[in-house]
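Protein chains: 2
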Amino acid sequence: MTTKNASLSYQEIVSQPEAWEKTIERVIEHRSAIEALFRETRGRQTMMVACGSSYWGARSTALVLREAAGQPVETVTGGEFYVNAQNYYGAGDSLFVIVPSRSGQTGEIKKALEIAKERADIKLLSVVVYEQSAVGEMSDLSIALPWANEESVCQTKSFTSLIAAQAAVYRLAYGLPLGLLPAIPEAGRQLIERYEEKLRQLAADRSWSNLLAAGQGKAFGLACESALIMIEMSETQSNFYHTMEVAHGPNVVASSETLAIVFQSNHMLEHERRVIRDLRQRGAKVLVIGEPEAEREYECDHFVAIPGIEDEFERALVGLIVPQLLANFRAMEKGVNPDSPSDLNPWISIP
Amino acid sequence: MTTKNASLSYQEIVSQPEAWEKTIERVIEHRSAIEALFRETRGRQTMMVACGSSYWGARSTALVLREAAGQPVETVTGGEFYVNAQNYYGAGDSLFVIVPSRSGQTGEIKKALEIAKERADIKLLSVVVYEQSAVGEMSDLSIALPWANEESVCQTKSFTSLIAAQAAVYRLAYGLPLGLLPAIPEAGRQLIERYEEKLRQLAADRSWSNLLAAGQGKAFGLACESALIMIEMSETQSNFYHTMEVAHGPNVVASSETLAIVFQSNHMLEHERRVIRDLRQRGAKVLVIGEPEAEREYECDHFVAIPGIEDEFERALVGLIVPQLLANFRAMEKGVNPDSPSDLNPWISIP
Numbered sequence: 001m002t003t004k005n006a007s008l009s010y011q012e013i014v015s016q017p018e019a020w021e022k023t024i025e026r027v028i029e030h031r032s033a034i035e036a037l038f039r040e041t042r043g044r045q046t047m048m049v050a051c052g053s054s055y056w057g058a059r060s061t062a063l064v065l066r067e068a069a070g071q072p073v074e075t076v077t078g079g080e081f082y083v084n085a086q087n088y089y090g091a092g093d094s095l096f097v098i099v100p101s102r103s104g105q106t107g108e109i110k111k112a113l114e115i116a117k118e119r120a121d122i123k124l125l126s127v128v129v130y131e132q133s134a135v136g137e138m139s140d141l142s143i144a145l146p147w148a149n150e151e152s153v154c155q156t157k158s159f160t161s162l163i164a165a166q167a168a169v170y171r172l173a174y175g176l177p178l179g180l181l182p183a184i185p186e187a188g189r190q191l192i193e194r195y196e197e198k199l200r201q202l203a204a205d206r207s208w209s210n211l212l213a214a215g216q217g218k219a220f221g222l223a224c225e226s227a228l229i230m231i232e233m234s235e236t237q238s239n240f241y242h243t244m245e246v247a248h249g250p251n252v253v254a255s256s257e258t259l260a261i262v263f264q265s266n267h268m269l270e271h272e273r274r275v276i277r278d279l280r281q282r283g284a285k286v287l288v289i290g291e292p293e294a295e296r297e298y299e300c301d302h303f304v305a306i307p308g309i310e311d312e313f314e315r316a317l318v319g320l321i322v323p324q325l326l327a328n329f330r331a332m333e334k335g336v337n338p339d340s341p342s343d344l345n346p347w348i349s350i351p
Numbered sequence: 001m002t003t004k005n006a007s008l009s010y011q012e013i014v015s016q017p018e019a020w021e022k023t024i025e026r027v028i029e030h031r032s033a034i035e036a037l038f039r040e041t042r043g044r045q046t047m048m049v050a051c052g053s054s055y056w057g058a059r060s061t062a063l064v065l066r067e068a069a070g071q072p073v074e075t076v077t078g079g080e081f082y083v084n085a086q087n088y089y090g091a092g093d094s095l096f097v098i099v100p101s102r103s104g105q106t107g108e109i110k111k112a113l114e115i116a117k118e119r120a121d122i123k124l125l126s127v128v129v130y131e132q133s134a135v136g137e138m139s140d141l142s143i144a145l146p147w148a149n150e151e152s153v154c155q156t157k158s159f160t161s162l163i164a165a166q167a168a169v170y171r172l173a174y175g176l177p178l179g180l181l182p183a184i185p186e187a188g189r190q191l192i193e194r195y196e197e198k199l200r201q202l203a204a205d206r207s208w209s210n211l212l213a214a215g216q217g218k219a220f221g222l223a224c225e226s227a228l229i230m231i232e233m234s235e236t237q238s239n240f241y242h243t244m245e246v247a248h249g250p251n252v253v254a255s256s257e258t259l260a261i262v263f264q265s266n267h268m269l270e271h272e273r274r275v276i277r278d279l280r281q282r283g284a285k286v287l288v289i290g291e292p293e294a295e296r297e298y299e300c301d302h303f304v305a306i307p308g309i310e311d312e313f314e315r316a317l318v319g320l321i322v323p324q325l326l327a328n329f330r331a332m333e334k335g336v337n338p339d340s341p342s343d344l345n346p347w348i349s350i351p
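Which chain is which? The protein sequence lines are A and B, in order.
Just so we're aligned: 172 in UniProt numbering is position 172 of the first sequence, and the numbers increase by one with no gaps anywhere.
Just so we're aligned: 208 in UniProt numbering is position 208 of the second sequence, and the numbers increase by one with no gaps anywhere.
Be careful, since some hints might not be right.
Where chains are identical, the list cannot tell them apart; a pair therefore holds if satisfied intra-copy or between any two copies.
[As the list claims (entries may be wrong)] Straight-line alpha carbon distances no greater than 25 Å define the calculated DMTMM-like cross-link-like pairs of lysine to aspartate or glutamate that follow: (1) 285 - 235; (2) 334 - 121; (3) 111 - 311; (4) 117 - 299; (5) 123 - 339; (6) 111 - 293.
Quick caveat, the hints were computed from the structure, so don't treat them as lab data.
So that you can see chain A by itself, here it is in the shape it has in the complex (with noise of 0.2 Å):
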């Protein structure tokens, strides 16, 4: 370890191949108690609740779940769970609650989920870092990943180990193959060792000082996280759209201190290359994370490719390691400690 690496951060970040790793393992181990609860609850309202980048990232499980569930899913802040009850159910109502967690004890979800439980007939799924917490013992099925956990305050190794236990348990839950999942470890190992010395360069690159994050369906919460660890660990203004957003307003901010992150996603090359044009007609520097035989097809100012993942999920859970190394790299760039930045606690908890 050089000194230059020498955050928390950037262990928990180069580890998260490995996490995930055992992070697949550890949901296929419970595929038949995945199964039984999926089965028990099919009909049932269903809804993410959580809170922080576990909110982000349910914006993108949420829609795995919708293709493999073949039904909405809903996204609700611990906040909203908690002080807007009655706009998500009703008394008696039967919910499938799904809560995505670190801590497993924000004080927002503990609390919702005591009150819900009286009103409500509810099955309660958690996904979990910490072994031991009180959402994880209310729940019916608690899948917990403890090697995930970090020293760190900003969630970067439990975050996308939250977000590829979901997704395989979603696609398991019915049936499913699980996809691209089990290709992610390698290629974020292949990211991190062709990349990390070009983020290195692009972090200390002063002449950007804030960044815009742009993804489409699955990518979006991923997007939306990539916004929010570069806001948490480096203390840089960051703003976060679904892509083809950007050109309804938010392209008016893009100047030439603008560090535009882009994931491809499925369907929509010349939806993107569109916006990706605007931004750089503004003087914004675009870095676009896809598919190797896509850069060609992109006029960028970085590319990073992801090979072997054709699917924009697990592109963009991959991929989410760019702005992890950004942040972490710019943090220390900025005299900012990345592991413990500005007085934030790992969680809330609330009186």
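Fit chain B to the known structure of chain A by using the hints.
For chain B alone, coordinates are given in the frame of chain A:
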């Protein structure tokens, strides 16, 4: 009209109360057609499809419909519905699609609806400003609000009128009273009269350069639009969050250069107070939009009191005048033309 109020945007912002009156009347005129359409569509999977400001507004109005209907309502960007349709419905599904749109001719929505109508059984309600539009012509029922049209590029009067119209439609559809909607024109007039000068001064205070907007529940989508109007009209870096999410990371970028706008919500005074205290400790200036009686409960830098509006939804709708005026005044202060910022188009057509 004095020179300092010479923008079209300013005129459009202050003429909103009058537009709201006409809007509510017009919706009432459509009552029987509305009742018939919602009777016919009961039990269908319901989704709101919109772009730009209309999408964020739908994040609020969907909760008004959810409350009235007692069942989930999805909000989907036009780009998602167009490019990732398979994530949202299957061949032959029965959908009730609601499109709020100023122009009624947004490229991705038009194309998405054309494709969707071939694949699924769709009933379509549109709430639009332009009297003649492609989406209007495709609709089973279209409610047009031509008096809410703007000459400016950014939506102000059209946005709030579309929101008010949607809320009126959803309540009438389920035989509910209009609630506080009839009170919003007078509350809007009072807000302008009482706070315009203060907001002009706040916009001139260059010690803040970025905005953080927060709202919970039915105020969330309107808080998002607060940030977006600041982005679009005045080219100000702005973020938007659920109020209780601010503590989960985004507070890190709050600094002495931040103005935070917090919309008071129902049921959550103590949580808002905690978020506001934290933002102020980080140096941010906080402006709360709330009930007059709540003023003494909040320790904040600015308080905009909206009398007689006890619901978070209508209060946020009237309160949107605050970021609109701030954006207009800040744009003029910066030498940005609020009526036509940075090559934005009033709507996007796609090839």
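Here is how each hint holds up against the structure:
{"no.": "1", "hint": "285 - 235", "in the structure": "both (19 Å within a copy, 18 Å between copies)"}
{"no.": "2", "hint": "334 - 121", "in the structure": "neither (50 Å within a copy, 55 Å between copies)"}
{"no.": "3", "hint": "111 - 311", "in the structure": "between (37 Å within a copy, 24 Å between copies)"}
{"no.": "4", "hint": "117 - 299", "in the structure": "neither (52 Å within a copy, 35 Å between copies)"}
{"no.": "5", "hint": "123 - 339", "in the structure": "neither (36 Å within a copy, 51 Å between copies)"}
{"no.": "6", "hint": "111 - 293", "in the structure": "neither (48 Å within a copy, 28 Å between copies)"}
Of the numbered hints stated above, those contradicted by the structure are hints 2, 4, 5 and 6, listed in ascending order.
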